[in-house]
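Enquirer: This is what each chain is made of:
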Amino acid sequence: MSGKDKRIYIGVDVGASRTKVAVLNADKKLIGHAIRKSGTDFRQTADICLVSALDMAGLTSENVKSVVSTGYGRKNVSFSNGTKTEIGCHAKAAYHYFPVAITVLDIGGQDNKVIRLDDRGMRINFKMNRKCAAGTGAFLEEMSLRLDIPLEEMDSLARMSTEMVELGSFCTVFSATEVLEKIRQGKKVPDIVKGLFFSVIKRILEMETMSGKVVMTGGVVAHNPYLVQMVREISKMDVNTPEHPQLAGAVGAALFAMEN
Amino acid sequence: MSEEKKADRKQFASGKLLKKIMADHFYELDEASRTGSKKVAWCTSVGPAELLRGMGFLVYFPENHGAMLGSTRMATELIPSANAIGYSPDICSYLTSDIGSYLQKKTPLTAAYNIQSVPKPDVLVFNTNQCRDVKDWFNWYAEEFKAPVMGIHTHRELGDIKNYQISDIAKQIEELVPGLEKVSGKKFDMDQFKQAVEYSRRTSELWRACLESASAIPSPWTFFDATIHMGPAVVARGTKEAVEYYEVLLAELQDRIRNKVGAIENEKHRIYWDGMPVWGKLRSLSDQFASLNTCVVASTYCNSWIFDLLDPKAPFESMGRAYLELFIVRDEDFKEKYMRDCFEKYKFTGIIFHDAKTCPNNSNNRYGLPERLSKHFGIPQLTINGDLNDMRCYSEEQAKTNIEAFIEQLEERA
Numbered sequence: 001m002s003g004k005d006k007r008i009y010i011g012v013d014v015g016a017s018r019t020k021v022a023v024l025n026a027d028k029k030l031i032g033h034a035i036r037k038s039g040t041d042f043r044q045t046a047d048i049c050l051v052s053a054l055d056m057a058g059l060t061s062e063n064v065k066s067v068v069s070t071g072y073g074r075k076n077v078s079f080s081n082g083t084k085t086e087i088g089c090h091a092k093a094a095y096h097y098f099p100v101a102i103t104v105l106d107i108g109g110q111d112n113k114v115i116r117l118d119d120r121g122m123r124i125n126f127k128m129n130r131k132c133a134a135g136t137g138a139f140l141e142e143m144s145l146r147l148d149i150p151l152e153e154m155d156s157l158a159r160m161s162t163e164m165v166e167l168g169s170f171c172t173v174f175s176a177t178e179v180l181e182k183i184r185q186g187k188k189v190p191d192i193v194k195g196l197f198f199s200v201i202k203r204i205l206e207m208e209t210m211s212g213k214v215v216m217t218g219g220v221v222a223h224n225p226y227l228v229q230m231v232r233e234i235s236k237m238d239v240n241t242p243e244h245p246q247l248a249g250a251v252g253a254a255l256f257a258m259e260n
Numbered sequence: 261m262s263e264e265k266k267a268d269r270k271q272f273a274s275g276k277l278l279k280k281i282m283a284d285h286f287y288e289l290d291e292a293s294r295t296g297s298k299k300v301a302w303c304t305s306v307g308p309a310e311l312l313r314g315m316g317f318l319v320y321f322p323e324n325h326g327a328m329l330g331s332t333r334m335a336t337e338l339i340p341s342a343n344a345i346g347y348s349p350d351i352c353s354y355l356t357s358d359i360g361s362y363l364q365k366k367t368p369l370t371a372a373y374n375i376q377s378v379p380k381p382d383v384l385v386f387n388t389n390q391c392r393d394v395k396d397w398f399n400w401y402a403e404e405f406k407a408p409v410m411g412i413h414t415h416r417e418l419g420d421i422k423n424y425q426i427s428d429i430a431k432q433i434e435e436l437v438p439g440l441e442k443v444s445g446k447k448f449d450m451d452q453f454k455q456a457v458e459y460s461r462r463t464s465e466l467w468r469a470c471l472e473s474a475s476a477i478p479s480p481w482t483f484f485d486a487t488i489h490m491g492p493a494v495v496a497r498g499t500k501e502a503v504e505y506y507e508v509l510l511a512e513l514q515d516r517i518r519n520k521v522g523a524i525e526n527e528k529h530r531i532y533w534d535g536m537p538v539w540g541k542l543r544s545l546s547d548q549f550a551s552l553n554t555c556v557v558a559s560t561y562c563n564s565w566i567f568d569l570l571d572p573k574a575p576f577e578s579m580g581r582a583y584l585e586l587f588i589v590r591d592e593d594f595k596e597k598y599m600r601d602c603f604e605k606y607k608f609t610g611i612i613f614h615d616a617k618t619c620p621n622n623s624n625n626r627y628g629l630p631e632r633l634s635k636h637f638g639i640p641q642l643t644i645n646g647d648l649n650d651m652r653c654y655s656e657e658q659a660k661t662n663i664e665a666f667i668e669q670l671e672e673r674a
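So the sequence lines, in the order shown, correspond to chains A and B. The opening position of the first sequence corresponds to residue 1 in our numbering, with each subsequent residue numbered one higher. The opening position of the second sequence corresponds to residue 261 in our numbering, with each subsequent residue numbered one higher.
Just chain A, with the same shape it has in the complex (with noise of 0.2 Å):
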């Protein structure tokens, strides 16, 4: 943090699932976050993770310069100076942490995109998921449900697999009716498991073609790092992460926040 220097820049990303909080300093650091379920209340859970940011950065609403807010909640940040959409924000922070040419996945709790920046992290185009869900978090999410199967243990639970199960369905009550199929067929979970992960991964990998670095960000990869081991296997690019790859949108939104 450059000297005295304490004006602070948050970005607020209301999501589907989560609402992430980002505090950066002047030098463009990430001082504070937080993370919490979005709930039905926006204002209010925004509201709360700005206070745990803020606590966590040791600093105060005083110090606060400006803040963007981004996600589906975007609009209902009692705080926020501006709006930015999760497509911006995202590919803000990724061209942050990768300054080169770069493809942008993030996976989110109900959609996914993919963008594509060139090397002055412009746009080139982006795509977001249709309107179904499949490939996204939510997925993930119904799977574990109706497998059982705490979705925080679907990670290991992956990178156990010897002879990965493949789905062929779209659809996500489809593709459970599969899975129990499989299971019938006495297929091992961690199989099954890592056939999941594949097919979230080929659903974001048949939106767009990929070029330079490949940037993953999003709660999904956050907390399934084994996804980016397997992009990085299927593609055979060069695939990254930012150290928070939840955070993403709420950084790109702060980086916003700074240039406002």
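Worth double-checking, as some hints may not be accurate.
[As the list claims (entries may be wrong)] Mimicking DSSO-like on lysine-lysine, the simulated pairs with C-alpha atoms at most 30 Å apart in a straight line are:
hint, chain 1, residue 1, chain 2, residue 2
1, B, Lys-528, B, Lys-660
2, A, Lys-127, B, Lys-617
3, A, Lys-202, B, Lys-635
4, A, Lys-65, B, Lys-528
5, B, Lys-380, B, Lys-270
6, B, Lys-528, A, Lys-75
7, B, Lys-635, A, Lys-127
8, A, Lys-213, B, Lys-660
9, B, Lys-299, A, Lys-75
10, B, Lys-541, A, Lys-127
11, B, Lys-605, A, Lys-127
12, B, Lys-446, B, Lys-299
13, B, Lys-365, B, Lys-298
14, A, Lys-127, B, Lys-607
15, B, Lys-270, A, Lys-75
16, B, Lys-597, A, Lys-127
17, B, Lys-660, B, Lys-595
18, B, Lys-447, B, Lys-406
19, A, Lys-127, B, Lys-595
20, A, Lys-236, A, Lys-187
21, B, Lys-541, B, Lys-276
22, B, Lys-541, A, Lys-75
23, B, Lys-446, B, Lys-573
24, B, Lys-660, A, Lys-127
25, B, Lys-395, B, Lys-431
26, A, Lys-37, B, Lys-607
27, A, Lys-65, B, Lys-280
28, B, Lys-298, B, Lys-280
29, B, Lys-541, B, Lys-395
30, A, Lys-127, B, Lys-528
[To be verified] Coverage of chain B stretches by chain A, computed from C-beta distances (three or more under 8 Å per stretch; other residues unrestricted):
hint, stretch
31, 628 to 642
32, 650 to 661
[Unchecked claim] Some chain A residues flagged as far from chain B (calculated, every beta-carbon gap over 12 Å):
hint, residue
33, Ser-52
34, Leu-59
35, Val-64
36, Lys-65
37, Met-164
38, Thr-172
Calculated from the structure, these hints are not laboratory results. Idealized CB from N, CA, C, for every residue including glycine.
Since the structure of chain A is already known, use the hints to place chain B on it.
Expert: Here is chain B on its own, set in the frame of chain A:
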């Protein structure tokens, strides 16, 4: 950039006349349907309306009713009734919502004009130049009303249009005459037919001029305005009233250009829209673009009612040519060139494709065209997924976020 900003919508003085023409159209049809005072022909929106008018029919366009079902957001509730009798949710949602409307005995005409039902057809006449769905749609009603159905089967995927194709369509149109005479009980009158062709040609010329006024910077109107003002070009072409209407509208647009009045306050971005309107979200999309200082200046859709090749001196042949010239009938090479020409004319900085789930023929994003155009022009493109009428196929939040992100992308480049 904030979407919350209140959009300033500039009203058209000609809107009053537009409402009157549309109301008169439906009242006249309703009267004829109830009393039998005149014969009613149902016609597809780019069907042979000139011939029907020339033969004294009042002409009703079920697709116009379909658009009303969409814009009043009645469609989504009606579609399942058609699905239940065997019409798939994956086919044209104009068809399914319109048949659903008939089955449920609900029509937007009631709220708008206190009319209880659509007019009964004495004859149904289609042209498959748009799609095969219109034929299936009319066949169902023909059976229901025990009315004769006839039509024109158009060549598809056309590159250069050949004389034999024009002759074929002209002949098919001419061959409708004896059947129509039988329904109307009147002898075909060539002079009356030529008059209808002349009115239609003039309507098309004026409609084209109205649409091309959007090449001005700032544009005097938007695609969303045009989707409303195209009403007479669809339902009243071939009449004097339509000609008079577009003279008034064109004068108003030219006046706006002279006074540098833009439809969008502080127009910063200009967009081309390909594909059908999302009828149920027209207002919401219009407001979103306005709040983002973005004018959707032109569209393939509104251009589809330009038939300026019509010529009263050769009415059948020129109808054959005019109805084959349509964008929707043409091959991919033609479509690409057409949109390149539009780029030169309207100077847009981005293209949005609407991939309508139930209308493949009007969804031009499916064979790599967005990517080819984007590469050729060096401008961004976006596809939004949705539908003309079935709002179950449209995720509003996703579409809005995509559009907002797209405008952010344009701002980065500005």
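Enquirer: Which numbered hints turn out to be false for this structure?
Expert: 5, 9, 26, 27
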